[in-house]
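Undergrad: Sequence lines, in order, name chains A, B, C and D.
Counting from 1 along the first sequence, just add 509 to a position and that's the residue number in the numbering used here.
Counting from 1 along the second sequence, just add 509 to a position and that's the residue number in the numbering used here.
Counting from 1 along the third sequence, just add 509 to a position and that's the residue number in the numbering used here.
Counting from 1 along the fourth sequence, just add 509 to a position and that's the residue number in the numbering used here.
These aren't lab readings, by the way, just hints derived from the structure by calculation.
Possibly wrong hints are sitting among the right ones.
Which copy is meant is left open, so a pair is good if it fits within one copy or across any two.
[To be verified] Keeping only pairs whose Cα atoms sit at most 30 Å apart, straight-line, the calculated DSSO-like set for lysine-lysine is: (1) 736 - 781; (2) 736 - 529; (3) 584 - 810; (4) 736 - 810; (5) 736 - 566; (6) 592 - 529; (7) 810 - 781; (8) 592 - 810; (9) 641 - 529; (10) 584 - 637; (11) 781 - 592; (12) 529 - 637; (13) 731 - 529; (14) 736 - 637; (15) 529 - 730; (16) 641 - 736.
Protein chains: 4
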Amino acid sequence: MDYQQILNDIEIEIQPLFGKGAVADYIPALAAVDPHVFAMSVTLFDGRCYSVGASEKRFSIQSISKVFTFTLALKYLGAELYKRVGREPSGNPFNSLVQLEYEQGIPRNPFINAGAIVITDTLMSHYKGDEKALGAILDFIRSIADDESIVIDDVVATSEMDHAFRNLALTNLMKSFGNIDNDAIRLVETYFNHCALEMNTQMLSRSMLYLANHGVDPITKKAYITKSQAKRINAVMLTCGHYDASGDFAFQVGLPGKSGVGGGIVAVIPQKMGIAVYSPALNAQGNSLIGTKALELFTTKTGLSIF
Amino acid sequence: MDYQQILNDIEIEIQPLFGKGAVADYIPALAAVDPHVFAMSVTLFDGRCYSVGASEKRFSIQSISKVFTFTLALKYLGAELYKRVGREPSGNPFNSLVQLEYEQGIPRNPFINAGAIVITDTLMSHYKGDEKALGAILDFIRSIADDESIVIDDVVATSEMDHAFRNLALTNLMKSFGNIDNDAIRLVETYFNHCALEMNTQMLSRSMLYLANHGVDPITKKAYITKSQAKRINAVMLTCGHYDASGDFAFQVGLPGKSGVGGGIVAVIPQKMGIAVYSPALNAQGNSLIGTKALELFTTKTGLSIF
Amino acid sequence: MDYQQILNDIEIEIQPLFGKGAVADYIPALAAVDPHVFAMSVTLFDGRCYSVGASEKRFSIQSISKVFTFTLALKYLGAELYKRVGREPSGNPFNSLVQLEYEQGIPRNPFINAGAIVITDTLMSHYKGDEKALGAILDFIRSIADDESIVIDDVVATSEMDHAFRNLALTNLMKSFGNIDNDAIRLVETYFNHCALEMNTQMLSRSMLYLANHGVDPITKKAYITKSQAKRINAVMLTCGHYDASGDFAFQVGLPGKSGVGGGIVAVIPQKMGIAVYSPALNAQGNSLIGTKALELFTTKTGLSIF
Amino acid sequence: MDYQQILNDIEIEIQPLFGKGAVADYIPALAAVDPHVFAMSVTLFDGRCYSVGASEKRFSIQSISKVFTFTLALKYLGAELYKRVGREPSGNPFNSLVQLEYEQGIPRNPFINAGAIVITDTLMSHYKGDEKALGAILDFIRSIADDESIVIDDVVATSEMDHAFRNLALTNLMKSFGNIDNDAIRLVETYFNHCALEMNTQMLSRSMLYLANHGVDPITKKAYITKSQAKRINAVMLTCGHYDASGDFAFQVGLPGKSGVGGGIVAVIPQKMGIAVYSPALNAQGNSLIGTKALELFTTKTGLSIF
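In isolation and in its complexed conformation, chain A is listed as follows (with noise of 0.2 Å):
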């Protein structure tokens, strides 16, 4: 298949859509991004990597985070794992807490931010700090992405603070029902670090191919998870990687995904390829716009839907 060809052909097809969504404004150096940016990366199993529009350009990774973090948790915690962190879809944001409540404290799924802050708290505990915990996620991200310029956008980081307090909220329940282990503040900051680094589409396309390939990346033949886990990675990122739209990116795209507030996209096409878009403007349920509608052309135009 020309992928080339096919990338080319999606950037046309979405041009019409700049315009519509919103760039995510609760914080400065979010609302500060150009909405009229695009770009798409595929990388296969050979190391080839097709892009199209900006895909050198760098953005903050946000929510997408969350799937190296959950890899590097289940690596060391294993199926333990799922005693404090569960895999079940959330259903709708308004239920968050009294979900969380009801639920006696354990996240729904890794991918929800209760999720990804107990995910952050076992790696805190398992690194023993909060330094040396943000020092492996930054290890293993640069790892996987075969590239070690990728950093953490301080200003991002810092002035997520200042908009903490349902994180902290979310956290200090939790730890009301002991499914927290270290400080709140501290932790929340932690989480924070991570979903500010920055990367491009060509580096995230290429991160995905070890969840493509069985856990193995097929370029290093570095071994990172065994295949039942990347499997089960995959299985969560298709039924929860969207927040409440899992259901509808499954239904409109049909890939395994895991979008973030920052405007991008990664997902994978199992035994095939890793994917990353960005385009900052989002839909109604804080997935990038334009990129859920370019991998919706991609999986039309390939037929590579996983269904």
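For this one, chain A is given, so just place chains B, C and D on it according to the hints.
TA: Here is chains B, C and D on its own, set in the frame of chain A:
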């Protein structure tokens, strides 16, 4: 692959699980079934069918019928249907009523009871009456299963009405929001009737072929729905097919599927085959305990998970 | 105290409020009332009745009837009644269904719809049928109001059934928990019938005397309920009498009372008098806007708040 | 009336209840109290105080302090206060968080934890700091109790912080809605400090006189709040003073009151007296089991219910 051998192996491996779980006992007709039964069938595109266990024994398909009514409604209403029923997972069951209230009488997806009742309501309106709607549903199922002997178990259908109060509550609540057109009692009766269809695993695995093959029966070549519709029904089965254990099923089995409280589960391997299992003892989430395990073993042994 | 003068003053002071609020319009019979009407009556233990405004005009008492059915049920079932209905305020209306579900079909108090329906169910069972129960309710109200001319408005009762779906949802939900014995539709019809009673403020203020006087009509000396029961009905009126504005009513008026969506409110001044007001325009919480203000003015002018 | 005799009789009648209920045990300082203690005091407008039992024994007043902070906030902010906290009962505790979320961070009333924390926040802002706010609260309580010896139990205040996570969750959630101005941790510490005040039933019954007498201390003649404010605090105590057992307390006791998890309850008989009881074993709703019974006996024996 030697599917017969794989099924034979699975039958041996699930033996230790007999005695676990519990048969649905809310109506006598379901409570009376023998829990010590297992059946599994796989039907390929060329019509070859491999089975193990009591694959000719008919059982109450219950919620599996929701796949068929969803298909029919989608066929006749198209995307209009999504104004009346969503396609998002529904979160945990405790909030089924509040979620329906919060979301103004629009059920989250066609596979929760409220959603399936709306679907049946659209069919009663489309076919102009409950008898005609039931007739059309039956015709459709006989066609996709290629078996004219399929009938409704009247005893089951009738005895369900003695426990219909929660479904009547859901129906009246939706009616208060204007999302139900037909008489509530007549509608719930019709819904219970199509849930009371009796089929065996051979018929059910055969009936999934149109979903595995882009909407077209690969044997009879009959086109039931579009490729896009088939892909999307599969996506909804994956994200919503097993109530509040949908995430778990995707996680462990990794296939689009739909379970029924009668002990059956259907699953689809896109572009390859239809599968059905039966074993009436249910796990805590109301899905066949042995059936789920058998499907997990099947994807592990064949490597045919979609992830 | 010169009650007539006080009522006259109140009538002047509420004039500027005409035009505020809105008449209930969910059924034509209620929507058609003249919003520019005000009436207020006070009846003392010696039978003297002071009135102002349209105190002979009959209106639909609606939820005020719940005080009377609660009294009858308490009289015949005693404390057993509290196994089927509570006496706690119900919180905000958005969670009426989830609360009922969480609390296993036991409504919070006799004055929310679900609770009043349970009360009516107990009366249908006690009197062996809907006709006999309605007859007994009517007899009781005619007795305490000392007026044989009180009747049900059939047009209102009938047209309520066109909007009964939410009440049918509540009833079926309670039936699924085993807390309703009679047929849901017949029960809701009976409930609507007693809500459709027509009375004026003279009758209503007269009808409150047994609650102001320890369960005994101070004029006829008929003993309806015990002193303890009367005190407790007053307590439930104070904490639960005005849906989600019960706290506000206690706060501003400081009297046990019960409002109806038809625009009436009854109130009790223990050991002193019965009061009724009528003005059909409702505030945001569904209570008579001018009626609430008139009662607040009455307690301010007389100093007769219970606090 | 011979109040001393009535109190003596009550002490005898409650004896069989010793051994029922359970002392609050979430912090060691509360868990260590002797459950076999009872005290009750009544203070009249002329200063006469009747007591029975351990009426000089000081205990942790806990939530009773919310009456005093509510009074202070109302005194300084007036009706503006109601923009930040409501005056409606809160329904059952399971939905405390979802209710707060649904109602945009505005707690239902000043007596649930969230509401009391908002009240403390207003006092920290008004008095410009936690130390000054605590000083003002202490001065006010010493004034209305006419006792300079009242102090905070630092051990209780400090150990509460080890279990503060749910309160921190509520506080951060309200902060995310903009309804908290001060630092969450500092605020919750201040809240715990005023809950850790130690008083005995003599002091507490004395301290209720301003609420029984229209805002003016009948002995010192000091005017603390307006007549209208006093009446309204009484109304909020009646409808919201006992968490989710407020309806029950109104039903059984029939007086405005406020309980604390330390085992104390205060009550007001308008125009007559202040009352306080103490017995640390709590009923299922978290209110003093024997204290509630003693108050019920008191209103039955004296006929002094407000209903």
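Undergrad: Determine for every hint whether it applies to the structure shown.
TA: Against the structure, the hints come out as follows:
1. 736 - 781: both (15 Å within a copy, 22 Å between copies)
2. 736 - 529: This pair counts as between: shortest inter-copy Cα distance 29 Å, intra-copy 40 Å.
3. 584 - 810: between (35 Å within a copy, 23 Å between copies)
4. 736 - 810: The answer is both: 28 Å in one copy and 13 Å across copies each meet 30 Å.
5. 736 - 566: Classified as neither: same-chain Cα gap 32 Å, cross-chain 36 Å, threshold 30 Å.
6. 592 - 529: between (41 Å within a copy, 22 Å between copies)
7. 810 - 781: both (15 Å within a copy, 21 Å between copies)
8. 592 - 810: Answer is between: at 27 Å across copies they meet the 30 Å cutoff, but 41 Å inside does not.
9. 641 - 529: neither (41 Å within a copy, 44 Å between copies)
10. 584 - 637: within (16 Å within a copy, 50 Å between copies)
11. 781 - 592: For residue 781 and residue 592, the Cα distance exceeds 30 Å both inside one copy (32 Å) and across copies (35 Å).
12. 529 - 637: Classified as neither: same-chain Cα gap 45 Å, cross-chain 41 Å, threshold 30 Å.
13. 731 - 529: neither (41 Å within a copy, 40 Å between copies)
14. 736 - 637: Within. Shortest intra-copy distance 28 Å satisfies the 30 Å Cα cut-off; inter-copy 51 Å does not.
15. 529 - 730: For residue 529 and residue 730, the Cα distance exceeds 30 Å both inside one copy (41 Å) and across copies (42 Å).
16. 641 - 736: This pair counts as within: shortest intra-copy Cα distance 27 Å, inter-copy 49 Å.
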